[in-house]
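Colleague: What follows is the residue order along each chain.
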Amino acid sequence: MNIFAETIAWLADPKHWTGTGGIPTRLLEHLQYSGLVLLIAAVIAVPVGLFIGHTGRGRVVAVAVAGALRALPTLGLLVLFALLAGSGLMPPVWALVILTVPPLLAGTYAGISSVDANVVDAARAVGMTELQILFRVELPNGLQVMFGGIRTAVLQVIATVSVVAYLPLGGLGRYLFDGLVLQDFPRMLGGSLLIAGLAIVVDLILAAVQRMVLSPGLTLDSRGSHKAAEDLTAAAPAGAAVQGGTP
Amino acid sequence: MAEAMIEFQSVTKQYQGGQPAVDALSMSIDKGAITVFVGPSGCGKTTSLRMINRMVEPTSGTITVAGEDVSQVPAAKLRRSMGYVMQSSGLLPHRSVLDNIATVPRLNGVPKAAARKRAAELLDVVGLASVLGKRYPSQLSGGQQQRVGVARALAADPPVLLMDEPFSAVDPVVRDELQQELLRLQRELAKTIVFVTHDIDEATVLGDKVAVFAVGGKLAQYAAPEEILRAPANDFVASFVGRDRGFRHLAFNPADAVTLHPVTMVGANDGQSAGRRSGEWALVVDTDNRPLGWSSPRDGAGLIPGGSLFRKGDTLRRALDAALSSPSGLGVAVDDDGRVAGVLKAPEVLALIEEVRHHREDAT
Chain A
1 MNIFAETIAW
11 LADPKHWTGT
21 GGIPTRLLEH
31 LQYSGLVLLI
41 AAVIAVPVGL
51 FIGHTGRGRV
61 VAVAVAGALR
71 ALPTLGLLVL
81 FALLAGSGLM
91 PPVWALVILT
101 VPPLLAGTYA
111 GISSVDANVV
121 DAARAVGMTE
131 LQILFRVELP
141 NGLQVMFGGI
151 RTAVLQVIAT
161 VSVVAYLPLG
171 GLGRYLFDGL
181 VLQDFPRMLG
191 GSLLIAGLAI
201 VVDLILAAVQ
211 RMVLSPGLTL
221 DSRGSHKAAE
231 DLTAAAPAGA
241 AVQGGTP
Chain B
1 MAEAMIEFQS
11 VTKQYQGGQP
21 AVDALSMSID
31 KGAITVFVGP
41 SGCGKTTSLR
51 MINRMVEPTS
61 GTITVAGEDV
71 SQVPAAKLRR
81 SMGYVMQSSG
91 LLPHRSVLDN
101 IATVPRLNGV
111 PKAAARKRAA
121 ELLDVVGLAS
131 VLGKRYPSQL
141 SGGQQQRVGV
151 ARALAADPPV
161 LLMDEPFSAV
171 DPVVRDELQQ
181 ELLRLQRELA
191 KTIVFVTHDI
201 DEATVLGDKV
211 AVFAVGGKLA
221 QYAAPEEILR
231 APANDFVASF
241 VGRDRGFRHL
251 AFNPADAVTL
261 HPVTMVGAND
271 GQSAGRRSGE
281 WALVVDTDNR
291 PLGWSSPRDG
301 AGLIPGGSLF
311 RKGDTLRRAL
321 DAALSSPSGL
331 GVAVDDDGRV
341 AGVLKAPEVL
351 ALIEEVRHHR
361 EDAT
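Protein sequences, first through last, are from chains A and B. To convert, note that position 166 of the first sequence is 166 in UniProt numbering; the numbers rise steadily by one, no gaps. To convert, note that position 334 of the second sequence is 334 in UniProt numbering; the numbers rise steadily by one, no gaps.
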């Protein structure tokens, strides 16, 4: 039997779909870690991104910091946090938050600043307050670009959260690390497929959400009044997945 | 003397390290009238307009609206009390046309249903079909977007409208339409309108009074458009008003006294060669006597398109243009239904112009 047939057999084995080490449990753990990381990162990144996008202030600093953070190696940061802060759930979560803030921040900022300056000027001229401009004009019109950053960040987190199994915690990353130790390659490949599948499904769901929340007035627009997302949003989730998924 | 609605008291706007954009501007803007700010780029006309609703804060000086110093009113509240129309329509791309029009009433706390109902009425006021209410701005033409912009500005029924080159990005035909529409609206609504343009023609068509700005933010002349064309205050105004000002000025004189002559009229079917047969220009008309074109006496070229039409009640400018633009040299005059009423001749229009001039000289 070759490795692909063995992997399919591993995935199809009912034993692997039950119990504390079963695929549904690991999947749920994986989603919980990812959700926690994204939630904390969003609480930090979105308000800062909105502020920078609306006022234009602090843009240079934010770009520099975001770029520097992105250069940090995932696994190194994770081990560092575990060594400094001890075991448990939160140290690896904080390490991942640091890696997730840059794409979210850049996406939010790029979305807000992509809104046509004439539209913002008109909103101000008809008597909107700055907060009304931000939430009723810039946010809904910047959403299309913002979604680019959000989806990048989510994919990156789902791929990278696998590394917490190294500490050792749960999640789909378990199959990778355990498989490596046990030289059980079908288990490793099966785990990788599950992570990739989860990322694809979540991205499809986000694409559907994006279609639902975007005003038809924006998607009908064929004249390209929205600037493309700036360089910062173009993160490399594929690289992160390789880096985090196969240590 | 009309009542003043907006007053500038030695208002100056100076950006850091530059010439003043607006230099000690003092003027008073009449209530219920259209006042046009006109001038070349960089003359401070838009800056002056935007200081009225505090989109730009003056460096020094005071602006009052209905007696109240605008700097004492919170900016957002002040802006909601005035309509604002800009060059690019500035409509919110993510909202439907109806919701765009309802923007200011919604900000003022009017319930959604009531604001939308009012918005639907306004669509009609600005001459748009009600089906357009559900569309989004990107689905409208430039002219339609500007109409929606005007409707949005009118939605909260503000006494003051600020219009910043609202018609300069649409094609000339649509611009002409929008100008006439604005004048029609203004006859019903009698708002205090401040209108910025760089086009002297637009200024003289729309303005009850025209303020000509010179580069450096100085007011060069502030008078009725007729006076600005007839008696420019200085060389700058004269050159800005342009070489055609004598011709434009004719637009302020009615041509009621012009003589209409009978003309040979032929039907469309047998008329194409009527000119050659009779040896003189013949006017080709349809079965309702509406002009279609001319038939030349010289060759059998068929139907030659006519010039501009003179309607009863039009001005000397239109009369002269009708005569000069006609291939036969005969300007076609039509009645209110578009039926031919006769033709007019350029020398006679010129004689009438002379008469008007003598009359004015006698009066002064």
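Treat the hints loosely; a few may be bogus.
[To be verified] Quick list of the computed label-pair ranges, beta carbon to beta carbon: (1) B:112 / A:130: 41 to 49 Å; (2) B:127 / A:117: 48 to 56 Å; (3) B:269 / A:117: 58 to 66 Å; (4) B:69 / A:48: 32 to 40 Å; (5) B:169 / A:75: 24 to 32 Å; (6) A:117 / B:351: 52 to 60 Å; (7) B:57 / A:197: 56 to 64 Å; (8) A:61 / B:77: 32 to 40 Å; (9) B:57 / A:61: 23 to 31 Å; (10) B:77 / A:48: 25 to 33 Å; (11) B:31 / A:59: 29 to 37 Å; (12) B:120 / A:197: 47 to 55 Å.
Rather than coming from a laboratory, the hints here were simulated on the basis of the structure. None of the values given here were measured: they were computed from a predicted structure. Yeah, the Cβ is synthetic: ideal placement off N, Cα and C, and Gly gets one too.
Colleague: If any of the earlier hints don't hold here, list their numbers in rising order.
Modeller: Violated: hints 1, 2, 5 and 11.
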